[in-house]
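Fit the two chains together into the complex; they arrive one by one in their own frames, and the hints show the way.
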Amino acid sequence: MKPAPFEYHAPATLQEALALINTLDNYKILAGGQSLMPMMNFRFVMPDHVIDINHLAELSRIEQRGEKLFIGAMSRQHDIHTSALVQSLAPIIVQAYERVSHRQIRNRGTYGGSLCHLDPSSEQPCFTAALDGVIHVASAQGARTVPMSEWTSMYMTPALAANELMLGVELTPWKGAHGFAFEEYSRRHGDYAVVAVAAMLALRPNGTIDRVRMVLSGTSAAPCVLSQLQDAIMGQSREAALALVAQHIDQLPDVMEDAHYTSQYRRHLAKTLCKRALVRAFETAQ
Amino acid sequence: MNTKHIQLEVNGQVYERTIDVRLTLGDFLRHELHLTGTHLGCEHGICGACTVLLNGHTARACLTLAVQANAQSVTTIEGLANSDGTLSELQTAFKECHSLQCGFCTPGFLTTLTELLRENLSPTEDEIRMAITGNLCRCTGYQPIVDATLLAASRLRARVASTQ
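So the sequences go chain by chain: A and B.
Mapping of the first sequence onto my numbering: residues 1 to 286, in sequence order.
Mapping of the second sequence onto my numbering: residues 1 to 164, in sequence order.
For the record, the hints were derived by calculation from the structure and aren't laboratory data.
The reader is advised that the hints may include incorrect statements.
If the Cβ cut is set under 8 Å, some of the chain B residues that face chain A in the computed set are [stated by the list, open to error]:
1. Lys4
2. Glu43
3. Ala59
4. Cys62
Positions of the beta carbon are idealized from the N, C-alpha and C atoms, including for glycine.
Next up, chain B with everything else stripped away, as it sits in the complex (with noise of 0.2 Å):
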């Protein structure tokens, strides 16, 4: 059987396709979902664009089949935002900090920095930096991703502190 019947959910929504088994996940966000957020730069790993969170954990959309995100949860570059549409605070400090130029890496960098301040609130540049060798940027230099890592990771820590 070349198809397989899957269900699953993308940024807290369920879908349901009958899919070509051979599909990759990113080929299933970008062209079933219309889920364009996701880039496909390499498809073999390396320059980490098409980063999505799988259960909450940080994954290759191209090195995935879609029918192995059956009964699972994806999040994508469209789901980091807050409910009420309002950008998350890493979002807001590559905003700021002019993280971004051309923006093909950019989803892949902040699905990977979401995994990164969900685990630490407070990284050190270094401990950034080891989180993102897996993400490659052909315009900022990396500095202002550092810089808004930083940034967004302080505003987090004085949120947690002020309802304390």
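The shape of chain A in the complex, shown without the other chains (with noise of 0.2 Å):
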């Protein structure tokens, strides 16, 4: 239950880092902690070295960009839920961290850690393909920008080099009146969700749907972005687009199933959550 030796470093500036990274071999990165820690106490990891980036200030602002909002990745996951510029800009974010494991672990876990850890049944990569995510990354070469959609490498691995560190993601708010709902079942309030389904919408003046998006965590290894149930209920009222959840559900190829909960039931619970959360968001468009 203690882990295993390794070499500590802690660069001062995101260059070191950089350059950190670019050299050593078995590393991980040490944000918040309340991933990794668990791990390397269990010994399910054993780096080499870990890189502390506590230190790299310039990595955790909170701030608008033109119409953008961007979040860095050393960002505490309390100071994100307590923001008054997210509420303000794209309270589904603030309405995910009532979800999101408890205070203890928000006042250190990082939204970058979290998206680079990657769990399937995670909140956080959830809201951020609901506002359509770029992800910046950086290495000692240079810097790109990833799609939340293409994120996901595969189950729980992002799509990040090894010499590369993710600086934060760029979200796109939706401007003027809309609704929206986080839903999510847990056993317990903080654990990880069975399902979560991020909802948004904007209605036409006569109550149909204009614009729409919704996203399943806890069926696959990348948010789901249920792109055909979307594209079926534009244009529709809320009767006729609850109508239209169970089909899509049940259309949904290679829904995740481990020994906790099946396939079956987390089809179950993304029909009852969406429905919820569509019924909330329509609730919060008016």
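Structure, rendered in structure tokens:
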């Protein structure tokens, strides 16, 4: 229950950090440590090098950049949760953080850490997909961006090269009146979701759907954007949209299954939570 | 290098040590500083018994490397009482409401609820229960912990009111 031996590095600047990851083998980035440290304590991971990036203050900015909301990778989950800027631009994020773990974890845990750990049951990748997040990464050689739709390489593995560090995410808030809801089922409050839904929609004057985004967490390695359901419910009323949920969830290929929860149960939850989220999103869209 | 020299403040006192970089803050507090009030229940961040205040904010000592506390300020259960040794309002309420039995979870609850009351002197029962979702107790069933927090909050509010 103690970590295996490792070399500890605490770079003072981003350039130092990028130089380290450019050359070191078998390293792990220590951000909030709330996912990494349990794995190290259990010796599920045994890095030769731990690179502590908690001194890189430039990575924890939460700011508006034109029409976008930029959240730095080292932003603490609690700071995002309580940010007035986030509440005004993208309140679905604040709602999602109500379901993320516990206060003690959110005080240290980071947004970037969650996106790089990429647990399929996590809430943060889910809202990132709902808000069309674009991930900024850097290496000693330069910088690039990765749309959230391309971020998941495989189960719990982001599309990050061995010498790349995530800097932050640019999200696209919705302008104008719109409704939103983040729904989740977990056995205990604060647990990872069994299934969660992020739903956002805007209505036409006649009350039908003008724009919609629905993303699931807990059913696949990457957050599942419900594109076909979205297309089907465009222009529909609330009742017509609700009636279309079940068949589209049934048509999802390859819903995750594990020792705790079957794919059939996850599909059932997805249907229920999608309907609840749509109802709440319709209410808040008025 | 596998050891590092650190200097940090714990409960108002400055300590300097050279330690193994893989030593967790929980083990540092317990074995280096002999502050054994911080308990290790699960060592993976779930039980909350190891919760301390790091720069005033709750953190799991089992998930923090001691080297990360270099140049930081830590408050443990041992640092919650008043400087004259009397128990804090929250600790007193815990005593009166029988909010502890075996006491294993108690340090984590006290640091967590200290943070809550610093931020919110009028928590509702729901807000208290939300604040303690990250702390497990097998003995009390949580009600006496909630009762003690409500009691301590009302006494703290009365104290504030009486100074105005």
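So, going through the hints one by one against the coordinates:
| no. | hint | verdict |
| --- | --- | --- |
| 1 | Lys4 | 7 Å, holds |
| 2 | Glu43 | 5 Å, holds |
| 3 | Ala59 | 5 Å, holds |
| 4 | Cys62 | 7 Å, holds |
Every hint, counting from the list given before, is met by this structure.
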